[in-house]
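Those sequence lines, one after another, are chains A and P. Everything in the first sequence is counted per the working numbering, starting at 91 for the first residue and increasing by one. Everything in the second sequence is counted per the working numbering, starting at 13 for the first residue and increasing by one.
A portion of the hints provided could be inaccurate.
Subject to a maximum C-alpha distance of 20 Å in a straight line, what follows is the list of computed EDC-like cross-link-like pairs (lysine to aspartate or glutamate) [said to hold, decoys possible]:
| id | chain 1 | residue 1 | chain 2 | residue 2 |
| --- | --- | --- | --- | --- |
| 1 | P | Lys225 | P | Glu273 |
| 2 | P | Lys88 | A | Glu316 |
| 3 | P | Lys64 | A | Glu326 |
| 4 | P | Lys88 | P | Asp31 |
| 5 | P | Lys230 | P | Glu244 |
| 6 | P | Lys81 | A | Glu316 |
| 7 | A | Lys128 | A | Glu141 |
| 8 | P | Lys143 | P | Glu167 |
| 9 | P | Lys230 | P | Glu40 |
| 10 | P | Lys230 | P | Asp31 |
| 11 | P | Lys64 | P | Asp15 |
| 12 | P | Lys64 | A | Glu316 |
| 13 | P | Lys64 | P | Asp31 |
| 14 | P | Lys261 | P | Glu40 |
| 15 | P | Lys81 | A | Glu326 |
By construction, these hints were calculated from the structure, which means they are not laboratory data.
Below are the chains, spelled out letter by letter.
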Amino acid sequence: MKNRSAHWAAALLILCGLLACVGIISLCIGAADIPLAKLFSALVQGGDTIERTILWDVRLPRILLGIAVGGALSLAGVILQGLFRNPLVEPYTMGISGGAALGVCLAIILRLGKIFGVWSLPAAGSIGAAAAIFAVYFLSIGKGGLNIRNLLLIGIMISFICSALITLIMAISKVEDLHGIIFWAMGSLEQPNQLLVRIALIVSVVALGVAYFFCLELNALLLGEEEAFHLGVNTETAKRLLFILAAIMTGLSVAVAGIIGFVGLVVPHFMRLFVGGDHRILLPAAWLCGGVFMVACDTLARTVISPTELPVGVVTGLLGGIIFIYVLCRRPEGKIRCSI
Amino acid sequence: MLDISNLTCGYDSGFAIRDINLRVPAGEIIGIIGPNGSGKTTLLRAITRTLKPSGGVIRLEGQDIRRMKIRDLARKIAVVSQSAESGFMTVEEFVLLGRTPYYDRFRFLETKHDLQIARDAMASTDALRLKDQIMSRISGGERQLALIARALAQEPNLLLLDEPTTYLDITHQVGILDLIRRLNINFALTVVMVLHDLNLAGEYCHHLALFNKGVMHKFGLPEEVLDYRIIEDVYKTVVIVEKNPISRKPYVMAVSEAAKEAHRRQKMD
């Protein structure tokens, strides 16, 4: 067991190191390359150099947003997969992204941007996500409390309804609106509003802290709800709080960065392969790894065929999927360590 | 120890156990028997508070269990049920989950004390040799040992078991029940277990409670409850009850249709 603590500390250190590396690389490369040697001086030097502006106003916020969104989505994925004991659940199967996307579509075709400015899309996304969350949540509260299986099915149905409505909106909307909708739906870490970036990062870190208080409950829930109850876990409270926490994190991510799929699905599985299913290490490890993965994908997305920028969702999907299948096939059992 | 009075408790589907009165003295092994769907597991679920009773009170050491915190209840009652999913964790990790009710809000790692208790629990159930094995790769009998070790790690006063011998061969059935008997004696652990096998129930339990259609049909010593008239009445099956020549406990034998027929013909001749 002492061994295990050392193992956990090493895993966290490695992930922190990776995050630092990816962050530095992401700061250095781009449309204007800044060599590593010049990076530090360009960051701290006063004055109004172009490098300084690029680093502080363009690249750093993007990295921070990547960490916030990647961490939040991965954490939400770990929590939902633990809660449902289902390896295929991810934040976006819960209807949350569908609701957010619907909100944003409405905001775009109703031209709310002209009235409310830059805040209109994130606000519409949050409201849409919140509406979906409430619908899913209250529809699946049965007589005996929150019914996990209903929650999943209703979440998927809300997703379908939202995507049908989005298709309807797109079919009857104008060409210039269409472009906005599609671009937003593909997801991007480009967020000109610095305040929003800061809010996202703070919420993401706080959510990790709050979720950590439930790591033992999540561990017990691995055995099933009734078993967890026998172990003294107040399962109703834990389920509700964890679901709301996951929903807030997903809604926030969707609102600030659009729909970036796959992170919430693949990172939790990936981390389970490396650090195991114990949530005391899995939660922080998945948060960090989500940040690493997101920043790396975003760096690729904006440099591969620069100056054109790829949608980051394309990179997360391709890269994540391929790495995941590769790791899976190399494992002797070829099995997902899904039930943890 | 456990005092159940006028308990009525059921499901939305309409099935309920009605008006159950049962006193479990400290240090005893009580067997709950009865046909499928007679309400045995429902009773266990009421004791663990998984089901909310619509009437009556369950008292544990004088305290109404509905007034206790779930965590405090988990320190007193441990449950071994067949529903636990365990998946990809080692036996030791699984047993350590039994310490869950003892964590403080701000403590996330187990202490030496927790590790020692888990180890002792595994040692007394002969599961220590399995500690680094993966739960999903051990046999049914070994899994049962791990489940009991996890329950012991909760340091309970009352151990509830739901059909602990199902799916096991006779060696493992006897092994598990001998273990439960040992724990009962060594740790003064009170045990309530649901059993399907009437003979094992008669052999190992101090008292038996026979359930039928949601009510407690009979409570008493094994030789009182395992009477052929009572068993035939409740199970609607012809049985013969003899005495086990060594333990002097009642032994219930089923009789097949063909044997009955042959017997009748023999008599007529």
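Verification of the hints:
1. Simply put, Lys225/P and Glu273/P have alpha-carbon atoms about 30 Å apart, too far for the 20 Å limit, and the pair is violated.
2. As the CA atoms of Lys88/P and Glu316/A are separated by approximately 17 Å, the hinted pair is consistent with the 20 Å bound.
3. For the hint linking Lys64/P to Glu326/A, the alpha-carbon distance of about 14 Å falls within 20 Å, and the restraint holds.
4. Only pairs whose Cα atoms come within 20 Å are accepted, and Lys88/P paired with Asp31/P is rejected, the gap being roughly 25 Å.
5. Among the hinted pairs, Lys230/P with Glu244/P is consistent with the structure: their alpha-carbon atoms are about 13 Å apart, no more than 20 Å.
6. Under the criterion of a C-alpha separation no larger than 20 Å, the hint pairing Lys81/P with Glu316/A is consistent with the structure, at around 16 Å.
7. The hinted pair formed by Lys128/A and Glu141/A meets the criterion: a straight-line CA distance of about 9 Å does not exceed 20 Å.
8. Among the hinted pairs, Lys143/P with Glu167/P is consistent with the structure: their alpha-carbon atoms are about 19 Å apart, no more than 20 Å.
9. The suggested pairing of Lys230/P with Glu40/P holds, with an alpha-carbon distance near 17 Å, which does not exceed 20 Å.
10. Among the hinted pairs, Lys230/P with Asp31/P is consistent with the structure: their alpha-carbon atoms are about 13 Å apart, no more than 20 Å.
11. Between Lys64/P and Asp15/P the alpha-carbon distance is near 16 Å, which keeps this suggested pair within the 20 Å criterion.
12. Among the hinted pairs, Lys64/P with Glu316/A is consistent with the structure: their alpha-carbon atoms are about 14 Å apart, no more than 20 Å.
13. Of the pairs offered as hints, the one joining Lys64/P and Asp31/P holds, with about 14 Å between alpha carbons and a cut-off of 20 Å not exceeded.
14. For the hint pairing Lys261/P with Glu40/P, the CA-to-CA distance comes to about 17 Å; that is within 20 Å, so the pair holds.
15. Restraint check for Lys81/P and Glu326/A: satisfied, since their Cα atoms lie roughly 14 Å apart, inside the 20 Å limit.
When each numbered hint is compared with the structure, violations occur for hints 1, 4.
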